[in-house]
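When we follow the working numbering, the leftmost residue of the sequence shown carries the number 944, and every step to the right adds one.
Since no wrong hints were added, every one of them can be taken at face value.
Derived BS3-like pairs: lysine-lysine, alpha-carbon spacing no greater than 30 angstroms straight-line:
no.	residue 1	residue 2
1	LYS993	LYS1011
2	LYS995	LYS984
3	LYS1011	LYS991
4	LYS995	LYS1011
Since the hints were derived computationally from the structure, they do not count as laboratory data.
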Amino acid sequence: MREILISLRLHIWRCTADVSACRELYEPMCAVDGVYEEWRKIVVSKPKTKWKFVQPNTFVNGEDVEVKVYEESNAGIIQSWVERNV
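With these hints in hand, go ahead and build the complete structure from the sequences.
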């Protein structure tokens, strides 16, 4: 029941743009302290490289169909567009 009441209050605060009330609810829940603060420092100091999706191309050679997959990098993205003649 408590969760439902919190959810309803939060909904009202969001609809009425009551930032101060939302902040009072969220800031204690989002606070990072103790051992978790140390873990956060470690995780933030070692960011992962951003993932890049490169669409493969299909080429028709006579009766054969070839699928060409490119490397997931800026060069791969550019190469895939160059080979599409775009």
